[in-house]
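If you follow the hints, you should be able to join the two separate chains into one complex; please do so.
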Amino acid sequence: MGDVRTARFPGGPIPARAGIGLRSAHQDELVARRLAVAWLEVHTENYFHEGGPHLAALERLREHYPLSLHGVGLGLGSVAPLDPVYLARVKGAIEHFEPALVSEHACWGHAGGEHFNDLLPLPYTEEAVEHLAARVRQVQDFLGRQILVENLSSYFAYTASSLTEWDFLSAVVERSGCGLLLDVNNIYVNSINLGLDAERFIASVPAGAVQEIHLAGHRRNHVGTRDLLIDDHGSAVCPEVWTLYQRAITRLGPVPTLIEWDTDVPALDVLVAEARKADSFLEKASELAA
Amino acid sequence: MNSRPEAATLAHLQGRFAAALRESGPASEAAIRQLADCIVDDGLEPARRVQVYRNNARAMFEGALERTYPVLRRQVGDDQFAALAQGYRAEHPSRSGDLHWVGEKFASWIAPRVAADGRAWLADLARLEWACEETIVGARLPPLAPAELARVAPEMLAEVGLVLQSCLRTVSSRFPVWSAWRACQVDGSGEPVDLALGAQHVVVTCGDTGLVLHSLPEDQFLFVTALAGGAPLGSAVESAALDVEALPGMLAWLFGEGLVTALRIPAHDFALDRELE
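Chains as they are written, first to last, in my numbering: chain C, 18 to 307; chain U, -9 to 267.
Each hint should be verified, as a subset may be incorrect.
[Claimed, not checked] Per the computed footprint, the stretches of chain C lying under chain U, defined by three or more beta-carbons under 8 Å from a beta-carbon of chain U, are:
| no. | stretch |
| --- | --- |
| 1 | 124 to 137 |
| 2 | 171 to 183 |
| 3 | 223 to 237 |
[What the hints assert, rightly or not] Below are the SDA-like pairs computed for lysine to any residue, each with C-alpha atoms no more than 25 Å apart in a straight line:
| no. | chain 1 | residue 1 | chain 2 | residue 2 |
| --- | --- | --- | --- | --- |
| 4 | U | Lys95 | C | Thr242 |
| 5 | U | Lys95 | C | Val287 |
| 6 | C | Lys108 | U | Trp91 |
| 7 | U | Lys95 | U | Gly108 |
| 8 | U | Lys95 | C | Glu67 |
Hints are computed from structural coordinates only; laboratory data are not their basis.
Even glycine gets a Cβ: it sits at the ideal position worked out from N, Cα and C.
So that you can see chain U by itself, here it is in the shape it has in the complex (with noise of 0.2 Å):
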């Protein structure tokens, strides 16, 4: 029996070909050069061969992104967006057969880049966008009817907790992401962004036909945001300087959405779930 080189075993192999994927720059032609010596010459270069599936890891990381951020690619151009998401890969690989989560550290890896180029709105924008990916996979409970709220005796208001739908995401940011967004969907005007919309606070939910984005004044956001946190009615009206007579307004948006999934009461959580779930 012939004994096999080293080189030749599979793990061998596996790490010569990582090695070529991996590598950029003029590390790469050592590594390509490396795995093109365990490669069959039949006529056509072996390196040549090899770049097929660089290109493939390459396209496949970056189209994964494309499909997450796709405003953002819109607003920066394909080669910058390209370019971004190669340096993103060098830093942040796949760590994953699935390549949804891939995005996940994206916006906050641009930050630093955008903003030194004039930009910084661009790693808000990112991360609306991925806040849509969270909420697009995320679980969508039956909704709560708003006569369970009524059940609830008026002295224990404020105490009541609503429990939100966990696919809900908030996102503040003191520029017009959601009017960015809004323009580069289907029924948007596709047109630049007006910078002087100034801040958009936005509460990404998901409905039967797909996403959907309500842009809210601060102090509508922050309620919600407070209520998303836990925290109880009263509070989330406290801490969101929400004036009281805006907040029958608030709780049938809430509920019209449906968005309440269930109702949290100190001392009686275990028998109210039961009962009003």
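One chain only, chain C, in its complex shape (with noise of 0.2 Å):
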């Protein structure tokens, strides 16, 4: 007899609306109120757990909201083997959660087994692309299923890469059938850190295989006479970010969307608005593909 697995939760893809970041501060009162927000989304490594509040709190809410796996440690693109320990939990919350999407990073993390949990950029080179698909395969086949590759900010570009941002995903995508998460605010962040033509990025990233996409808000610091922006995600979306988001929505179509807001978080209310906001601009857009 095959494998036969029932499902816990309500099944079917998250919808092109706009969805929310689950934070632990907004996880009980969520629960209590039950907001009419479209979806959730959760750092997959925060459960990773075998128990516990957390857990618990997102079982609840499982129930009522389609959910969106997102991790932030796997560091895909290193050089030195995936970690199959923790491969192996994120295959364990899938199987858990059962989430609809399941996303990680066009980064790498990790080398000569030191960890900096942080988002680290890759050259856009062809040895890179090469590297990352293979790795993006890897995953996929563990897994037994595609995930979404999400585009980074980055403070810096290498003098080596020899394609565009959008040249390098595009590539990945092709080489290794994964989806794309596009995010609106790395995309504005790296055009004022790097130059990076923003408008043109938007115009460029294969359509089809965009599946969701991300907005947050941004820190601008000042160094000598330059702007840095830092994706601290800790403030409201910007409206130099909601225009370029109008943008890509206009092109791609409805996409569902997530209000990130990861430091500094506020009220859930807050949260909320943002996402009726996002929820405004998809109406928009699925009246104009009409």
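Here you go:
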């Protein structure tokens, strides 16, 4: 007899509406109020454990909300091998919570046995495309499902890069079969930090691959005469990012969109209001697409 | 086709990047410079850009310790906590993409350092906070009804083991660590701990709403610790020097708190486990 699994939670895709990143400060309130947000996303690593109130709260919420698991610690593009224990825990979290989407980052994160627990940029080279695509295939094979790969905020560019960031991501999609998680705030951050052409990025990314969008705030640091934006997810989405977002969904059509707010976390209603704003733009994009 | 300089390969770039993030002191300058050589200089000094990542790596590690050891941090102050975190990171860097377990050895690492300052109790406080960290993410099974123990024949009671929640942890200290922990909770006084309160023995458990810390008399604490270690009731009472008259109260407490998940009876394990679970 084959392996027959019974779904514990409601299935179906994540709707092309706005969701919020679930923070522990909000989980009890969200359980109690059952607010009308379309879906939730959590950091996969926070649910690697056997039990506890956080796990129980997400189990309760999962009965009512579609879920996306978003990893921040795999270090997909590290030259060092992926951590099999970590990967097994990702798989365990997927089996436990039955998410509609699973995502990670186009980054590296560990070397020489040390993990830096940050999203470190890759050079945009042929070698890096091949390496990252192979790693994505390895992960997808292990998990038995497609993952989405997210573009990063970067604070420097490598002299070795020979591809644009969007060509790099397009090649990884083509060679691995992954989807894309398009972080519009990260595109804006890189446009200021690295001089990247944000409009061209959005116009060039492979439209069919984008299955989720992230929106977040950033911090503006002045370094001499220059600005360096830090992707701290600690404030409201800025007007420039909302404008880029509208461009993106005008081109791509309505896409599930997440409001990320991970530091200086505000009241839940503030987060929900940001989601409502994204929803209003998604409704307009739906009308245009109709 | 252009041949790529060796230093530009993925492995070399990640090696240089890792060194720039890892090194501290004088060695860091050379490591940062080597990575900066691989970075586009567009008028904003590459070393300043590298510093963002160095700050992130330090902040991520320190943040994880702060979340695990909030009471210790409050006791020593932000500056000393940061200094301890950096010293610890140099010797015990993160070994996983999951930062949750990064503080596992922090209590033993700080022990000789805080003892040298005449504050040895802080290491015990850290042990208590690590026990809390393990408990809060541990498995919590459905509790066993006390009626199940009543079904055991009286002559077999001494040989019966109580299987406690696997997330339960025990911490014994010659210092008042429970009082220090309590004072720093939302409903605590926040006042400095009075070391004259003396030894405290703490059982850490997790209820539906979060952590529960029980400060027990030494004999009761030793009894719970013995049970958690697998001792049957009779030898747990004996090794803890627990007054037999206190046993019914202790059993009522263990069952009442939902800390017993199964019974272990020698030679009848399989049948009774199936029957009683």
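Comparing the hints with the structure gives:
Residues of the stretch 124 to 137 of chain C lying with their CB closer than 8 Å to a CB of chain U number 12, which satisfies the three-residue condition for coverage. As drawn, the stretch 171 to 183 of chain C meets chain U at 6 residues by the rule of a beta-carbon pair under 8 Å; at three or more, the given contact holds. Beta-carbon proximity to chain U at under 8 Å applies to 0 residues in the stretch 223 to 237 of chain C; the threshold of 3 is not reached and the given coverage is violated. Simply put, Lys95 of chain U and Thr242 of chain C have alpha-carbon atoms about 44 Å apart, too far for the 25 Å limit, and the pair is violated.
Straight-line distance between C-alpha atoms of Lys95 of chain U and Val287 of chain C comes to about 39 Å, which puts the hinted pair past the 25 Å bound. Restraint check for Lys108 of chain C and Trp91 of chain U: satisfied, since their Cα atoms lie roughly 19 Å apart, inside the 25 Å limit. For the hint pairing Lys95 of chain U with Gly108 of chain U, the CA-to-CA distance comes to about 21 Å; that is within 25 Å, so the pair holds. Between Lys95 of chain U and Glu67 of chain C the CA atoms are separated by roughly 21 Å; this keeps the pair inside 25 Å, and the hint holds.
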